[in-house]
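Chains as they are written, first to last, in the numbering used here: chain A, -11 to 688; chain B, -10 to 268.
Just so you know, these hints were derived from the structure itself, not from any lab. Treat each hint with caution, since some may be false.
[Stated by the list, open to error] Derived pair list, reagent style DMTMM-like, types lysine to aspartate or glutamate, alpha-carbon separation capped at 25 angstroms: (1) B:Lys221 <-> A:Asp662; (2) A:Lys515 <-> A:Asp600; (3) A:Lys139 <-> B:Asp246; (4) B:Lys221 <-> A:Asp573; (5) A:Lys139 <-> A:Asp118; (6) B:Lys221 <-> A:Glu242.
[What the hints assert, rightly or not] The following label-pair restraints were derived from C-beta to C-beta distances: (7) A:Asp194 <-> B:Thr234: 38 to 44 angstroms; (8) A:Gln439 <-> B:Gly184: 26 to 32 angstroms; (9) B:Asp235 <-> A:Glu440: 39 to 45 angstroms.
Beta carbons: idealized from backbone N, C-alpha and C, even for Gly.
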Amino acid sequence: MRYAVIGGGPSGLYFALLAKKANPSDEVLVVERNPPDATFGWGVVFSEETLGALRDADYETFTEIGESFARWNAIDIYYRDTMVRSRGHVFTGISRKLLLNILQRRCRALGVRLEFEREVRDVAELEGADLIVGADGINGLVRRAYGEFFKPQIATHPTKYVWFGSDLPLDAFTFIFRRNADGLFQVHAYPFDARTCTFIVECPEDAWRRAGLESASEAQSIAYCEALFQPELRGRRLMSNRSLWVNFLTLRQESWHHGKVVLLGDAAHTAHFSIGSGTKLAMEDSIALVDALRRHEDLGAALNDYEMERQPIVERFQEAALESSSYFEHVSRYAQFDPRQFAFNLLTRSRRITYINLTQRDPELIRTVDSWFAAAATGSPDGAVRLSPPPMFTPLRIGELTIPNRAVVTAGPDLDAAASQGAGLVITEFVSVTEDGRITPETPVIDRARQEMLRQAVERIHQTGSRVALQLGHAGRRGSMQPRSRGVDRPLREGGWRLIAASPIAYTPHSALPKEVTPRDIAHVIKVFAAAAQAAAGCWFDALELNFAHGYLVAGFISPLTNRRTDEYGGSLENRMRFPLEIVDAVRASWERPLLVRISASDWADGGMDLDESVAIAALLRTHRCDLIHVVMGQTVWESRPDYRRLFGVPASDRIRNEAGIPTIATGNITTSDDVNTILAAGRADLCVLELTTIGTTPR
Amino acid sequence: MNIGVGLPTSTSGISGQLLVDWAKRADAGPFSSLGVVDRVAYQNYEPFTALAAAAAVTQRVRLATMVVIAPLRNTAILAKQAASVHALSDGRFTLGLAVGARGEDYAVSGIDSRGRGRRFGEQLEAIRDIWEEGTIGPTPTSAGPQVLVGGSSGEALARMARYSDGYMHGGGPARAFAGAAAKAAAAWSDLGRPGRPIVWGMGYFALGDGNADAGAQYLRHYYAFTGPFAEKIAAANLTSPGAITDFIRGYEDAGCDELVLFPTASSIDQVDRLAEVIG
Chain A
-11 MRYAVIGGGP SGLYFALLAK KANPSDEVLV VERNPPDATF GWGVVFSEET
39 LGALRDADYE TFTEIGESFA RWNAIDIYYR DTMVRSRGHV FTGISRKLLL
89 NILQRRCRAL GVRLEFEREV RDVAELEGAD LIVGADGING LVRRAYGEFF
139 KPQIATHPTK YVWFGSDLPL DAFTFIFRRN ADGLFQVHAY PFDARTCTFI
189 VECPEDAWRR AGLESASEAQ SIAYCEALFQ PELRGRRLMS NRSLWVNFLT
239 LRQESWHHGK VVLLGDAAHT AHFSIGSGTK LAMEDSIALV DALRRHEDLG
289 AALNDYEMER QPIVERFQEA ALESSSYFEH VSRYAQFDPR QFAFNLLTRS
339 RRITYINLTQ RDPELIRTVD SWFAAAATGS PDGAVRLSPP PMFTPLRIGE
389 LTIPNRAVVT AGPDLDAAAS QGAGLVITEF VSVTEDGRIT PETPVIDRAR
439 QEMLRQAVER IHQTGSRVAL QLGHAGRRGS MQPRSRGVDR PLREGGWRLI
489 AASPIAYTPH SALPKEVTPR DIAHVIKVFA AAAQAAAGCW FDALELNFAH
539 GYLVAGFISP LTNRRTDEYG GSLENRMRFP LEIVDAVRAS WERPLLVRIS
589 ASDWADGGMD LDESVAIAAL LRTHRCDLIH VVMGQTVWES RPDYRRLFGV
639 PASDRIRNEA GIPTIATGNI TTSDDVNTIL AAGRADLCVL ELTTIGTTPR
Chain B
-10 MNIGVGLPTS TSGISGQLLV DWAKRADAGP FSSLGVVDRV AYQNYEPFTA
40 LAAAAAVTQR VRLATMVVIA PLRNTAILAK QAASVHALSD GRFTLGLAVG
90 ARGEDYAVSG IDSRGRGRRF GEQLEAIRDI WEEGTIGPTP TSAGPQVLVG
140 GSSGEALARM ARYSDGYMHG GGPARAFAGA AAKAAAAWSD LGRPGRPIVW
190 GMGYFALGDG NADAGAQYLR HYYAFTGPFA EKIAAANLTS PGAITDFIRG
240 YEDAGCDELV LFPTASSIDQ VDRLAEVIG
């Protein structure tokens, strides 16, 4: 075999030496446009796992790399004039230049041909090779030449960042957050030897403009950042190496090979620098490709195998990188957090590290977080208690009410069954404020007979220690449907009732057209909500939840997709919120206990509500004395584009809680106590709806 | 977990007699179901017709479409065909439905593929009403055929949770199945359905000397529309008893209710060889 590798970075060189080692009679050529000692960037980071792979793949280079390592196990987070250190995260760093020198030496020793300062202008120059390896980065020739087969998607991240080096000696992965008049700036810094570190500065684009960095020279950028981070730099300097402010680009491609051409590393995929995995993924690609070539006689089968092995792994890192970059893009949202919660939130930003992982890596940090969380929840002195329950089993106080733990269960018709699960808060099934507001014939209505049953049920639930909220709603255009055991939103064929909605638009293609709500209807619905709230008080419910979500009557007013009114209840957000807020005010007149409101944070549809608007809605509800937002998603319209991934409602809860400043219940496929503890400790919600039925564990 | 076998309606050179013999052997073997695929612009048997033939020569196994491309069919006729296979098989029919992925099937049928998702939703909303209402028979004696929905998008999962009894996965490693099943359960819960969805999985196999190549060739051809991805599907074909038992174990751990293994080679011995592996 004859291999031609374009690009003499870590992945290209590593592939070359592994391929040559696997079969010394093969010809391996590496073509690099720069001289051997030119390198851009400072240090690279590897995890323990990657080191293991490097050791197994080529022990000689592993030993040399091992001699030049910086090794550390801490993450330091500088924020609001404090520093939180988390231990137990093993990292190793090495100078990129040193790494390339080691790989070049090893390539030469094995007989790989290295051609530096040769710019390949056309892939056809290497036509004689049996396999052409594109290891020439995101803007590389190979990727661009075969773009129609690789089908690239490139996403530009909104923040600006720049790579510096520094002679600051560090013994930890270091995050620094500093706000000045221009905005919030953050540093990602990590050592690569005893004297030098990589020092990346990132900031929102508007801060970058205000700071004048758009037109600044390299020297001016350095001067600005040195002054800004003077306390942490402790008189050390920043160094440039073609250090330009850029936006990060995430590259995804459907395929990484075509015919006898294959891509490696950044030429195939990129993942945001904040999870520090670029070189790791690139060198792992090299190992996988050489292994696949050894396993298969047929080149096509080998390249397929390589891609099948690597793509799912890379996709997982890209997903984590996206979560991580999104955290840094919105970090100012958490500016009011206690430093311990801030640190926990940062460490768990990519979802790859959870409460349990941190408990294993750094039990001391978790004790500190638990202790702070419990103290904050119960109002006891901070730091007084060393032995605290995990956040999920910490009580939540809302006004006079204490919910004994943070798990919420939404009940079906059998309220007692739901209450027996041990959740701190049980929310009843949808109970309608009127006969006409039912979803199905089975939907309970809060009439006299029902009140007596509910009073007894509440009493039984209180004996279990749980608290219970009554969920009140009016189905609107989603009413007059068949029972949900037979499917959802299947209109009743007979025995249905008249529907009302903000505007006369049917919910499904076959459901009845609702009548547009009149001012009289509005007055009536407000009256029945208020009466139901009074009844709830008589039933000794601990809390009341108003269902303004999922396309039911009130949700229909909030979303512009379903509200086409031209009166004072339609149009602007203020108008669309008029009816919901009138209900809240009327309920508040007779209900003093905690008031929860359930809203769909996104319509998941074009022209519908998005998270920005739901933050504004939550803020309005807060000013009308709502205590807590139960954040759900979608169902506003029949055809939408839902996303049911793990924890799908948590980002919305996070935004509403931390931007509108109101406690939240998070929902969305939350299935484990580890998820709940992570969400709570990171400040993404105050309560979590825990799904107790999962496939693979529970018999049907 | 139940294990079923596919009826080879889309591999090359299949005679009607072979299909009937295959169905008989499956019914006599350790399988709980017989599955068929649906294409229009392809050399395969029409799924309801093939299952009607299978119904006539089997007593025990469940008969399933995996999946029928619903928007290509008039809803009343679709409901009638399904009810007929259900009646012919004495209630052993499972109707798997989806929008399908191949543009050419829409093109040769003269049906616009735009808006097919919405039309599929309308069909799902209507089909049970048709069975229950009674004008279009044969009216099922009980609840009618089990309906399962396939597709990986959020829209597909929402339709599944609204109107069907569960989810039909389109194939892939157990890990991919587990991820899809978790999303299906999340959609189910999000829409307020009690319990959890039934989940079916599928895989491809070819056993015996020389059949691996034939199998890979068939999969490359069948999935040619996916471009380079066809190679990956072909590479994942299960071609040894060990690969099949590993695959089954993976699906069982992921909570699959019924796993149907489809042949990729056309000889009748495939059903016997598979029967031997799963015992």
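Hints, verified against the model:
Under the criterion of a C-alpha separation no larger than 25 angstroms, the hint pairing B:Lys221 with A:Asp662 is inconsistent with the structure, at around 35 angstroms. For the proposed pair A:Lys515 and A:Asp600, the alpha carbon gap of about 31 angstroms is over 25 angstroms, so the pair is violated. Restraint check: the Cα-Cα separation between A:Lys139 and B:Asp246 comes to about 36 angstroms, which exceeds 25 angstroms; the hinted pair is violated. A threshold of 25 angstroms between alpha carbons decides the hint, and for B:Lys221 with A:Asp573 the separation of about 59 angstroms lies outside it, so the pair is violated.
A hinted pair counts as satisfied when its Cα atoms are at most 25 angstroms apart, and A:Lys139 with A:Asp118 qualifies at roughly 23 angstroms. About 12 angstroms separates the Cα atoms of B:Lys221 and A:Glu242, which keeps this hinted pair within 25 angstroms; it holds. A hinted range of 38 to 44 angstroms is violated for the C-beta pair A:Asp194 and B:Thr234, which are about 59 angstroms apart. Separated by about 29 angstroms at the C-beta atoms, A:Gln439 and B:Gly184 satisfy the suggested range of 26 to 32 angstroms.
For B:Asp235 and A:Glu440, the hinted distance range of 39 to 45 angstroms is not satisfied, since their beta carbons lie about 58 angstroms from each other.
Checked against the numbered hints above, the structure breaks hints 1, 2, 3, 4, 7, 9 and satisfies the rest.
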